[in-house]
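Visitor: Chain residues, written in single-letter form:
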Amino acid sequence: MTRFTPVIGLEVHCQLATLSKLFCACANRFGAAPNTLACEACSGQPGALPVLNREAVDLALRAAAAFGCDLAPHLVFDRKHYWYCDLPKGYQITQSREPLGCGGEVELADGKRVRLERIHIEEDAAKILRTSNSESLVDLNRAGVPLLECVTAPLLASADEAAECLARMREILVFSGVGECDMERGSLRCDVNISLACDEPSARVELKNLNSFVHVRDAVQFEIRRQSELLASGRPVERETRTWDPERRETRSLREKERASDYRYLPEADLPPVPLERARIARAAACVPELPMPRRRRYTSELGLDATLVEVLLESRASAEFFEATLRHARDAREVARWLANDVRALFAEPELDVHSIAELSFKPFDLAELIELAANGRASRPAARQVLRAMCRTPRAPRELLRELGLESLDGGAELDELCRTAIAAHADASEAVRSGHARALDVLVGAVMAASKSRANPVAVRARIRELLQAAP
Amino acid sequence: MKARAAVEGALARIEALEAEIGALLDVDEEGARTLADKLDREPAPRGPLHGVPFALKANLCWRGHLTGAASRILDGYRPPYSATAIERLIAAGAIPLAITNMDEFAFGSSGENSSFGATRNPWDLSRTAGGSSSGSAAAVAAGFVPFALGSDTGGSARQPAALCGVSGFKPSYGRISRRGLIAFAPSLDTVGVLGDSIERIEQVLACVSGHDERDATSLALPPLALEAPREHLRGLRIGVPKEWDAELCDQGARDRIRAALEAMHALGAELVSVSLPLTLHANATYQVVSACEAASQLARYDGVRYGSRESCDGTLQGMIAQTRGSSFGPESRRRILLGTALTSDEGSPSYEHAARVRRRIVDELRAIFERVDLLASATAPEVAFRLGERSGDSARMHHSDLLAVPASLAGLPAASVPCGTCTTDGVELPVGLQLCGAPRADARVLSTARCFQAATRHHLARAPLTGALP
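Protein chains in written order, with my numbering: chain D, 22 to 496; chain H, 1210 to 1679.
FYI, nobody ran anything at the bench for these hints, they're computed from the structure. One thing to keep in mind: the hints can contain errors.
[Unchecked claim] For lysine to aspartate or glutamate, the following EDC-like pairs were computed, each having C-alpha atoms within a straight-line distance of at most 20 Å:
hint : chain 1 : residue 1 : chain 2 : residue 2
1    : D       : K148      : D       : E170
2    : D       : K148      : D       : D131
3    : D       : K385      : D       : D375
4    : D       : K385      : D       : E356
5    : H       : K1451     : H       : D1554
6    : D       : K101      : H       : E1573
7    : D       : K148      : D       : D91
8    : D       : K101      : H       : E1561
9    : D       : K101      : H       : D1554
Turn these sequences into a full structure, and let the hints guide you.
Guide: And the structure:
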């Protein structure tokens, strides 16, 4: 079969994390009761006018700085017309003639740079809810929510690259605080344009409604195969919009004729051009933190962390920053990374603690560093340290103090440890006998018993040594 | 009891004449009486508009009232909010009393495109009251109310004011907030004011003008600072555009305008003949720009969220097509089709082309104001024509707005003031003088018009049928 080169571009829509909608004062909030976040402007009442949300512009400028886009001298808006029940005004306010930003790029892990053709601001449409008896209900809460549309050049060549590019764009947007980018909630959405190049490029197919990274990868994979087979058998690829059916694992045509082609763009006369002053651009750019890709490189090559740990740390800006702040007070980067990736994250699964993310932690990076140090120098056993960590979520106190107060300081020796070991040997006569006759693994039973009796305070290394001594000494 | 008495007087005049004129679509008697009583109990008047009843054009949203732009597609629609201009008038103690008839969505120059029948001119009931603010002009001319709000996109407040013999004013674009004005063409729309005198209009302007943060196109200026009443017009240079003068077809009207110019000269103004050749393209430019914007603006009337809804084949697109096809009047359909064609892929250079011509016309007009303070002309090229005489003839209908459209394209302030009557077919019909000012020179236009009124007193002439009124 002939080899075709896939030519893939992404159109990513990110809801901007503003307090209010793009053109009115309604709250920009997910999950409210239907049609409770709507006013005369976002419901398209006669005579209502849009007023541009400054915060949305600032977040979009921040995104432009994060991607390294060239900016337009001023913001201008256009109307894009089509009729559908999700569009209250019969047009969407968007930027077609002159997007906010052009150029800029997204870097993939292998160093490939994917150019952005444009990023622009536009308003989201309402949400359509289909009822069981095939009625369509309109929820205007989403109508007018600010969106940032980011369009890549068609420079991606595989399903994996497409999925990765989306992930890289997402982490840049999340780290910059531009949007929440939760694909399940629809605050990040992705359409994919795909054609196959051989002698000349085939017709472009647009894939819509890809709700996860896996869907993006699977849908592109399927589409490459489908188009290859068509071309190989001499049939043409039709220019159309298709959607991914995750159940049947195939793309199918949307046949959305009425929404195609002619959007009759017109300048939005209700919104005069907004000049973009240098100071404002600089303020927005100053809000962009170090981006995930350079951090990733630093964590791997300078700190020697393995890839899985790095990805966990880079899950959010708060996580990466907590890690780096902890590191300033700790010696061992790997140890800090492991604590954050395992023990701290385990806290989020405990409902009674009511902590769900790094950002919600009540203790400070300095405290975590101290706890790690207590564990590293044996002052606290690993299980005891975990208990202190839990206590740190409830009371913002120094780990050292909590350790003492909870009576969890390590038992490294002395009369108390001695007594615990003797009791365990007496209580597990069979195991003791087995150890004496050379079954080293039976020792674990005895150590375990001591650990339990000491409520994990005992230092397992010291316990092991002391039990051996006692068993050898005794007849 | 002054406010209540004013309301009762207005209601009595409406009772006596409205059936013949058809200026009003709805009267809120109870609301007005309640508000008047409340105002009468207040210890001190809020200002010059305290207790003054007014009417408002049906394309200005008035919370909970039937302000549906005289269109069947907004059948039964009651807006959930009020236009900023109405909010400000109510806050100043004025009393909204009635909703006035208009051409559907302000598409027209004769009132005949209303879904509820045309308004008749109080000076001659067989004639048009002009349009599209036909009801607002007729309501003031018939003495129902001292002033009424209208709208002016391409002459819609000035032309009916001229044809009905009342004062009318189109402010600078952005001077009065458009929030709550049911849009026709957003780059041209203004809220207009019609009144029994320029002095009254000045009071209204002082109240409703001023920046509104809910309209991004509203001028970032405080409420209009009025000029002190002028005793004379000395030091003013008034330009008389040759090209506009030539469009004046009616000899009687021509005489009245000439007399008005002489009156201003007698008051001390210097008259200068000027040439504005590009403004001859203003009407064509206006037709393209306004139709394109109107088609976009009217896209929201789809039957989904409010207004009328017709269904046919059970599909969404079928419902939208059926609703729009059967609920918009013929002129609305014509403009939507024209605007849609001109903005489609095949026609899309039209809007940009027209926008470029518009910028050149604006430049020409701005330049002329370096030589003169004001432009004077007739408001309309002729007096009120007979109802039915021009329906179906768009070109002749548009001719009526010829002299009003340049100020609209350039966003300039312009007033129409009565300058006497002329006899046409045996009836006396009013003629309007248009005074158009430099960008944002609203106060200058109004003070000049007021001085003219004080000297000529043409604005006191009343339509004959109002003679026996209470």
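Visitor: Now, for every hint given, state plainly whether the structure supports it.
Guide: A quick look at each hint next to the structure:
no. : hint                 : result
1   : D:K148 with D:E170   : 18 Å, holds
2   : D:K148 with D:D131   : 38 Å, violated
3   : D:K385 with D:D375   : 17 Å, holds
4   : D:K385 with D:E356   : 17 Å, holds
5   : H:K1451 with H:D1554 : 39 Å, violated
6   : D:K101 with H:E1573  : 32 Å, violated
7   : D:K148 with D:D91    : 33 Å, violated
8   : D:K101 with H:E1561  : 16 Å, holds
9   : D:K101 with H:D1554  : 13 Å, holds
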